[in-house]
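Trainee: As you go down the protein sequences, you meet chains Y and S in turn.
full-length UniProt numbering numbers the first residue of the first sequence as 1 and each following residue consecutively.
full-length UniProt numbering numbers the first residue of the second sequence as 1 and each following residue consecutively.
Don't take every hint at face value.
Some, not all, of what chain Y presents toward chain S, calculated at C-beta under 10 Å [unchecked claim]:
{"id": "1", "residue": "Ser56"}
{"id": "2", "residue": "Leu112"}
{"id": "3", "residue": "Leu125"}
Some chain Y residues well away from chain S (every beta-carbon gap over 10 Å; in silico) [as the list claims (entries may be wrong)]:
{"id": "4", "residue": "Thr6"}
{"id": "5", "residue": "Lys63"}
{"id": "6", "residue": "Phe64"}
{"id": "7", "residue": "Glu65"}
{"id": "8", "residue": "Phe70"}
{"id": "9", "residue": "Asn87"}
{"id": "10", "residue": "Ser127"}
{"id": "11", "residue": "Leu136"}
{"id": "12", "residue": "Ser146"}
{"id": "13", "residue": "Val149"}
{"id": "14", "residue": "Gly153"}
{"id": "15", "residue": "Ser156"}
{"id": "16", "residue": "Val159"}
{"id": "17", "residue": "Asp178"}
{"id": "18", "residue": "Pro179"}
Ranges between beta-carbon positions, derived for each pair [what the hints assert, rightly or not]:
{"id": "19", "chain 1": "S", "residue 1": "Ser200", "chain 2": "Y", "residue 2": "Phe64", "range": "34 to 44 Å"}
{"id": "20", "chain 1": "S", "residue 1": "Lys66", "chain 2": "Y", "residue 2": "Gln173", "range": "27 to 37 Å"}
{"id": "21", "chain 1": "S", "residue 1": "Ser82", "chain 2": "Y", "residue 2": "Lys166", "range": "50 to 60 Å"}
{"id": "22", "chain 1": "Y", "residue 1": "Asn155", "chain 2": "S", "residue 2": "Leu24", "range": "26 to 36 Å"}
{"id": "23", "chain 1": "S", "residue 1": "Leu24", "chain 2": "Y", "residue 2": "Lys185", "range": "16 to 26 Å"}
{"id": "24", "chain 1": "S", "residue 1": "Thr63", "chain 2": "Y", "residue 2": "Gln101", "range": "15 to 25 Å"}
{"id": "25", "chain 1": "Y", "residue 1": "Lys170", "chain 2": "S", "residue 2": "Asn239", "range": "23 to 33 Å"}
{"id": "26", "chain 1": "S", "residue 1": "Glu172", "chain 2": "Y", "residue 2": "Lys24", "range": "27 to 37 Å"}
{"id": "27", "chain 1": "S", "residue 1": "Lys197", "chain 2": "Y", "residue 2": "Arg180", "range": "48 to 58 Å"}
{"id": "28", "chain 1": "S", "residue 1": "Lys197", "chain 2": "Y", "residue 2": "Ile18", "range": "20 to 30 Å"}
{"id": "29", "chain 1": "S", "residue 1": "Glu211", "chain 2": "Y", "residue 2": "Lys21", "range": "41 to 51 Å"}
{"id": "30", "chain 1": "S", "residue 1": "Ser15", "chain 2": "Y", "residue 2": "Gln101", "range": "32 to 42 Å"}
{"id": "31", "chain 1": "S", "residue 1": "Leu26", "chain 2": "Y", "residue 2": "Gln40", "range": "37 to 47 Å"}
These aren't lab readings, by the way, just hints derived from the structure by calculation.
We treat Cβ as the ideally placed atom computed from N, Cα and C, and that holds for glycine.
As a plain string of letters, each chain reads:
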Amino acid sequence: MKNNLTYLNALLTNNSVIIKKLYKENFPAVRKFVIQNKGQEADAEDVFQKAIVQISVRYRKEKFEINSSFEAYLFTACKNLWRRELNKSKRRVTSLHAFEQPNEEQDQALALLEQKRWELFNESLKSISENCQEVLKLFFTKTAYSIIVEKLGYNSETVARQRVFKCKKKLSQIIKNDPRFKMLKQL
Amino acid sequence: MSEEEHILIDSFLNSELTQNEQKLFLKRMEQSAEFNEHVNFEKQLRETLNINDWSFAHNIEHTEVKTYVELFSSSKTKALESTLEKIMQDKEIPTKRNFYPWYGIAALLVLSLSVFSIFNTGSSTQELYAQFYNPSELPSLIVRGALDEDNYNKVQQLFEEENFTETILFTEELLATTSKNRATLMLFQGISFTETKQYSNAIETYNNLIESNLLDAEKGYWFKALTYLKSEDTQKAKNTLRSIIQNNFYNHVKAKELLDKL
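Bound-form chain Y, shown alone:
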């Protein structure tokens, strides 16, 4: 996509005219999303800035390709950074091991790699059958097996459990066979 390259190159060259255009056209949607999801104007600005910087750093390192429009990609990056922010309080509480607190640049680097992992997992999810996607989405959003049975018309909870197991196995295989996984799993 031609526009995507224009925007990516503008970030690399710090072209304030194009960056301003990007901000004017895309910030309102980000602001709306953040405010609708427990945030403030300042949070939206922070998320928008971090997303732009994240994309520029990633592009500087590896010239990655954006398959959607740049605007849609930027919005997803912002949404994920806000999801991350909302979940930060649980980071230390629920992790399985003790970890050193990252400084600002380390935290940005971790967020970038988490975004890459999110992309790999979501792309892989989209590549399995629709039925599997549906059952796994319910499973991952912690829906009780009794409700999965009701929603998807399985005969019993045992059948639903087996289906989740099979679909998750398929998804795991796809993720683990992807060359990107080797690096991302050690995070």
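Guided by the hints, dock chain S onto chain Y, whose structure is given.
Mentor: Here is chain S on its own, set in the frame of chain Y:
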């Protein structure tokens, strides 16, 4: 990984193990790198693919993390951050939403429908539809300087005049030819179908919106729920509202309020 192991890891991640079982589980994680890897992967899967959660990385000693840290610390990145800060300080974007001139008319319509319902024995789903359908939350289609500006303005006008049959025709034509404002066009079209009781067409339009990668795709769920409500399919309305709430989609707070009333 066997199915038994999968159930065991599930139970651990759901905090369903007894104290003793958990102790044994953690010990096994310490002793077996393979098992430890399985547990971590399962945790990452759950956190990444749950829209309300997030999977954090922690390994700041990872070479890739170190490479990115250098780039984030570089003078080029700092210059970009400074440009963004300057742009944001300008605050050229209005912080208050625009209320469209037809907001008053819409409010009056909602009010009159509610009053009508009170004095009538109309079903409660119709009352709720009138209460929760709020056209003022729709984005405007008015575009300035575009080649097909007139067509967009026409659709906006027809919709505001509640000429829904014409709105459907114009939106269909525009959707077939343009890539601009597609989500708003689909919303105008979906609502027009609903208002003219063409419910299956409305649902199809919203499904197309939901499946698109447009920024406003999530809105499709809300208007789909309202369509089910108006067509008096309470069960489907409830299911759609539950999805909105579970996934924190657009209008999830209103969705909760509406679900409580159904």
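Trainee: Run the structure past the numbered hints and jot down the numbers of the failing ones, going up.
Mentor: 9, 11, 28, 29 and 30
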